[in-house]
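**Q** Letter by letter, the chains look like this.
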Amino acid sequence: MLRYTIRRLIQLVGVVLVLSLLLFAWLRALPGGPVSALLGERATPESREALTKQLGLDQPIFVQYFKFLGRALSGDFGVSTGVQPGDSAMEIFLQRFPATIELSFLAIVIAIAFGIPLGYLAAKRRGGWFDNLSVGGSLIGVAVPVFFLAYVLKDVLSSALGLPTEGRQDAINATRVTGFFVFDGVITQEWDAALNALEHLILPAVALSTIPFAVVFRITRAAVLDVLDEDFVRTAESKGLTAPVIRRRHVLRNAMLPVVTTIGLQTGALLAGAVLTEKVFSFAGVGQALAIGFERRDYPVLLLLIIMATIVYVVVNLLVDLSYAFIDPRIRTR
Amino acid sequence: MVTPTRKKDRIDALAASSADFDAGVSLAVSAWRQLRRSPMFLTGAVIIGLFVLVSLLSPWLAPQDPSEPMLIDQVVKARNEIPPIQPGHVLGGDLQGRDFFSRLLVGSQQTLIVGVLATLIGLTGGLTLGTLAGAFGGWVDSAVMRVVDVMLSLPSLLLAFSISALFARPNQYTVIVAVAVVQIPVFARLLRGSMLAQRHSDHVLAATALGVKPGAIVFRHMLPNSLGPVIVQSTLVLATAIIDAAALSFLGLGNPDDRIPEWGQMLGDVQNVFDTHPQLAFWPAGCIIVVALGFTLMGETLREALDPKSRR
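Protein chains in written order, with the UniProt record's numbering: chain C, 1 to 334; chain D, 1 to 312.
You can trust all of the hints, since none of them are fake.
Pairwise CB distance ranges (calculated):
hint: 1; chain 1: D; residue 1: His200; chain 2: C; residue 2: Leu161; range: 55 to 61 Å
hint: 2; chain 1: C; residue 1: Gln95; chain 2: D; residue 2: Leu50; range: 48 to 54 Å
hint: 3; chain 1: D; residue 1: Met70; chain 2: C; residue 2: Asp155; range: 28 to 34 Å
Hints are computed from structural coordinates only; laboratory data are not their basis. Ideal placement from N, C-alpha and C gives every residue a C-beta, glycine not left out.
This is chain C alone, in the form it adopts within the complex (with noise of 0.2 Å):
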């Protein structure tokens, strides 16, 4: 186990040198190069100059790698020029992080309540109505642009249900500690606050729940399929245990392997996801930042943003192979 996660670690490093490399790449592969870059149009001749001698352009291209990569890991990517000009990357990452992640994870909670339950009901109706309606609704699904989806709950749901769809908390007097709006209120027991960020969540967490729904619902549907076709099904059945028992300890257990890595696997598309959502339902996060800078072409944010994604996605999907030890024994003998 603990040999498993070193190696996956390792190869963790693996992949963010050779992206760091790519990266580099991409820097200088830009119009103007990297100067531009990192200091923006307007920057001055001197500053230009200036930068040129700090960054070691005129020394040989391995060297600037090195220098690049030795930047980077001590959290230097530059300084913004269009997301919040003047504000570090690195800052901007920081603030932006929690809000990302508690909207993800209420969003995954979402297509986890609604996708579990759901597709264990088509699967053992199978062929019936409503597994072919919700089979039908979860392709209609995942066809829905993001974005798209996204305006119509600001524009059309928004009004009906009374929710707010700007920003991720009122002008209201809330005490800070965490960065999690929710979390925050709560700990400091300020109810109000911690409700009232909660309720800017709704909306923009369902807009972004909708893919991961769908393929929650699908997988959960194949995977409850393939377990009841199992000999050990039939066996619960025939000794006389109770429907429940057997959908809990015989059935949902073994088809939520797959679901698990599922969930893993949606982090990349949820991150994706955020960029649209954030951008429609102005919510100050990470996906907002990217939006704002590909739209002004801000790379110092881009760069930083799309390596801690990249590091995201890799960690959560080494935790999710991690938690197939706690859901299938079979895995931790080995």
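Since the structure of chain C is already known, use the hints to place chain D on it.
**A** Same frame as chain C, but now just chain D:
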């Protein structure tokens, strides 16, 4: 057998599924028999048939010129007014006073081009890498697959966004390239899997024993037998390419030249007037959803029909 879900495993399982089967009729024949009776497949096929037909005929079907701002005098920017529905313009005009219905019709053509070109580029790149890896094995295989794995370790849509941010001046082709590149690793892995599964199969052994040249074995025996899952994936990619292109436009990474319309671009470009003129978004969005659904229905039913496990 539990359905594999990890992206890699899923691709590999799909690839292996085509490798061996034995039944009285060929896989293609039995798949077709199954598909012919599947309402899901038929719905998808009808949608796509109509879509292709309309996009081919759209220059003649469109009642007006889609790039001519003929109703511009009815556009009032200050009061946020656009040309209403009127005789000759069944859906009214857009923000530049162009006939909206004609733009939708002609937009199908560019949308089809984006989908097909992106899929073809992804397919060609993936086929080349996958064939290299699957045919040679050994260190070629390891080298190619390491690159592919790094690409797969980035969330694909995020990769597409980043690639298009590389281009200082986006246009139609940068969009297609960005959407296509992220599909290359998927196709490569898929093809490699089914080629590897065949390397030790009887028909390859027989061909080797008969003295068929290695090149001919790869291209005449292994490649044709690996195409099933690739075709399935292509159908699904056609749908994602169109949706991803819309997302690029929405982020301002799409084609800024809107004289020749494309659905994703039409949808992405009206984000600021969504609350006042929702119809400008609903029509292209509806078209994208229906077409994407059509491709997905065809792809999913094809996948089931070509899967030897489901031939019971």
